[in-house]
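Use the sequences and the hints to build the structure in full.
Protein chains in written order, with this note's numbering: chain F, 158 to 465; chain S, 2 to 233.
Please note that a few of the clues may not be correct.
Calculated from the model, a selection of chain S residues having no Cβ within reach of chain F, i.e. all distances over 10 Å [said to hold, decoys possible]:
no.	residue
1	Asp7
2	Tyr13
3	Pro28
4	Met56
5	Glu111
6	Pro121
7	Thr133
8	Arg192
9	Leu226
With a cut-off of at most 35 Å between alpha-carbon atoms, the simulated DSBU-like pairs for lysine-lysine come out as follows [to be verified]:
no.	chain 1	residue 1	chain 2	residue 2
10	S	Lys224	F	Lys249
11	F	Lys441	F	Lys318
12	F	Lys462	F	Lys441
13	S	Lys77	F	Lys462
14	S	Lys115	S	Lys77
15	F	Lys462	F	Lys249
If the Cβ cut is set under 8 Å, some of the chain S residues that face chain F in the computed set are [what the hints assert, rightly or not]:
no.	residue
16	Leu53
17	Glu66
18	Met70
19	Phe90
20	Thr94
It is worth saying that the hints were derived from the structure and are not from the lab. Heads up, the beta-carbon is just placed ideally off N, CA and C, and yes, glycines get one too.
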Amino acid sequence: MEFGPHLILAILEGAVGAAVLALTALGLSLVFGIMRVVNVAHGEFFMLGAIVAWWVATSIAGHPALGFVAAAVVAPLVAGGVAVLGDRLVLKRVHYDPEATIVATIGILYIIQQLALMTYGPEARPVEPPFNSRIALPWFEFGETGFEIYYPWGFGTTTYKLFVIGAAAVILVGFWLFLSRSRIGLVMRATQLDREMATAFGIPVSRVYSLVFGLGAALAALAAVLIVPIQQAHYLMGGDPLLLSFIVVIIGGLGSIRGTIVAAVLIGLSDGIISVFFSPTLAKIIATLLVALVLVFRPQGLFGKKPA
Amino acid sequence: MTLRLDGISAGYGPVQVLFDLSLEARPGEVLCLLGRNGAGKTTTLKAIMGLLPLMSGRVLLGAAELSAMPAHEVPKHGIGYIPQGRRLFTELTVAENIEVGLLARGRGAETREKVLTMFPRLRERLSQRAETLSGGEQQMLATARALCLEPEVLLLDEPTEGLQPSMISLIRDTVDVMRDAGVAIILVEQRIEAVLNLADRVAFIENGHGREVVDVEVLRRDKALLQKYVGI
Ligand SMILES: Nc1ncnc2c1ncn2[C@@H]1O[C@H](COP(=O)(O)OP(=O)(O)OP(=O)(O)O)[C@@H](O)[C@H]1O
Ligand SMILES: [Mg+2]
Numbered sequence: 158m159e160f161g162p163h164l165i166l167a168i169l170e171g172a173v174g175a176a177v178l179a180l181t182a183l184g185l186s187l188v189f190g191i192m193r194v195v196n197v198a199h200g201e202f203f204m205l206g207a208i209v210a211w212w213v214a215t216s217i218a219g220h221p222a223l224g225f226v227a228a229a230v231v232a233p234l235v236a237g238g239v240a241v242l243g244d245r246l247v248l249k250r251v252h253y254d255p256e257a258t259i260v261a262t263i264g265i266l267y268i269i270q271q272l273a274l275m276t277y278g279p280e281a282r283p284v285e286p287p288f289n290s291r292i293a294l295p296w297f298e299f300g301e302t303g304f305e306i307y308y309p310w311g312f313g314t315t316t317y318k319l320f321v322i323g324a325a326a327v328i329l330v331g332f333w334l335f336l337s338r339s340r341i342g343l344v345m346r347a348t349q350l351d352r353e354m355a356t357a358f359g360i361p362v363s364r365v366y367s368l369v370f371g372l373g374a375a376l377a378a379l380a381a382v383l384i385v386p387i388q389q390a391h392y393l394m395g396g397d398p399l400l401l402s403f404i405v406v407i408i409g410g411l412g413s414i415r416g417t418i419v420a421a422v423l424i425g426l427s428d429g430i431i432s433v434f435f436s437p438t439l440a441k442i443i444a445t446l447l448v449a450l451v452l453v454f455r456p457q458g459l460f461g462k463k464p465a
Numbered sequence: 002m003t004l005r006l007d008g009i010s011a012g013y014g015p016v017q018v019l020f021d022l023s024l025e026a027r028p029g030e031v032l033c034l035l036g037r038n039g040a041g042k043t044t045t046l047k048a049i050m051g052l053l054p055l056m057s058g059r060v061l062l063g064a065a066e067l068s069a070m071p072a073h074e075v076p077k078h079g080i081g082y083i084p085q086g087r088r089l090f091t092e093l094t095v096a097e098n099i100e101v102g103l104l105a106r107g108r109g110a111e112t113r114e115k116v117l118t119m120f121p122r123l124r125e126r127l128s129q130r131a132e133t134l135s136g137g138e139q140q141m142l143a144t145a146r147a148l149c150l151e152p153e154v155l156l157l158d159e160p161t162e163g164l165q166p167s168m169i170s171l172i173r174d175t176v177d178v179m180r181d182a183g184v185a186i187i188l189v190e191q192r193i194e195a196v197l198n199l200a201d202r203v204a205f206i207e208n209g210h211g212r213e214v215v216d217v218e219v220l221r222r223d224k225a226l227l228q229k230y231v232g233i
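What follows is the structure in structure tokens.
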């Protein structure tokens, strides 16, 4: 294939990754921004979303779209519910102490992972996409006959991949509207800015924290529901999204929603492009290097504020 | 309604700051807290708000025991807090800061109008972020946010700190209006002439212990207590 089509394919692959990564990292960023909790178990909520999606999709007969829609509702609810439980039973009891919560969420990570291994098993299992037609993409060239449009062999994508990109964009915009326009969003932002004053104005901070932790997990699970028809559900699949989310959140600026989304697009796209042209390993190396550079030269991240 | 502190002790972690402090703020009255820096005035207001766990004692509003409630329930009983240093939600807009105040007791557009009419400068700046306001405007917003509760009790912690005279008189007018409306007011204030002008009664605090509580008349005639507890 020529360079042009090859590059566009790589960008499309990257955009799918970026879409899913933006949702996952947003969850991590939200939890850190509002609760100041570094949630090491975040990837496990992603994994939980994927295996619940598999479980729901395979237990509903009929058109795969039915199972998919059900999974998109149930998986975030289950992951969110488990997260709220973890918040009440563990994080609240260590008073959200920054160091204690790191250790506590490592514990939660292993509990979820091992429970998944015990119940779901070690197999990787696919979920059928709700729709998946191939779309051939056109390319052009200036040949002897002049300008010509043609369809290079292997140059195409699927409707489902385009859907993932669109769905993620819609969810991100929706979430931004929720945070900036809704009453609950206002309460969450006030809590983030000054927890003590939020309390002094009647905001039940510990309930807000439970909600935020649940929402963060639900976002990861929703991202997993979107990706699981492309990748497969596996009990160890949480590692990569966790690492990439951390990379994104650090580059974007801890707690900055805008930075998180910009960095997710940046990392997702470059990860896709470098993986296609060179190797996935090189992509990870470059991303990690980028984190190191950001940490050295702009520790507050691209969009974060300098600490006072 | 009368706010009563009934022998409260409180502090930060293991460090005790307040020792068996008792006070009473009555409706339509300004009670000033006077004491040196670090005497525990701010700590007293935080303890009322439930922001610090009490080691002993009770805080009562009428018959309701505020100190037995979770902290976020305290403002719902009509305690408006204007903290030292303003503590606005800096990255929220003026309108959003006011909205948070309204949410506390489920007040709506009517209260919002009333409060904005008291502070027209804020109305012109509704979409501005709180951190971009001038110091005086920030104090107005902190006051407006608390008034959005339509409070029965108002706690003001050094509201005139760092403000110019015109702003100070605006804050004073607000305190007067609230007193006349029957609100019980606890005011922490370092400026003696402001205290003599505004207070009905003055309570002295020394190293976290409650000392004399006197009518302001007593201080106008005799400055000995001022000399003893604040050194002027
Ligand atoms: N967060 C805190 N942690 C530990 N100790 C504190 C804390 N806040 C205040 N203190 C201590 O409690 C004591 C009383 O402080 P407080 O702020 O109540 O004094 P204040 O009377 O309001 O003083 P000022 O006039 O300077 O505002 C001081 O000794 C102070 O060091
Ligand atoms: Mg003070």
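Enumerated hints in conflict with the structure, sorted upward: Hint check: 10, 16, 17, 18 and 20 fail, others pass.
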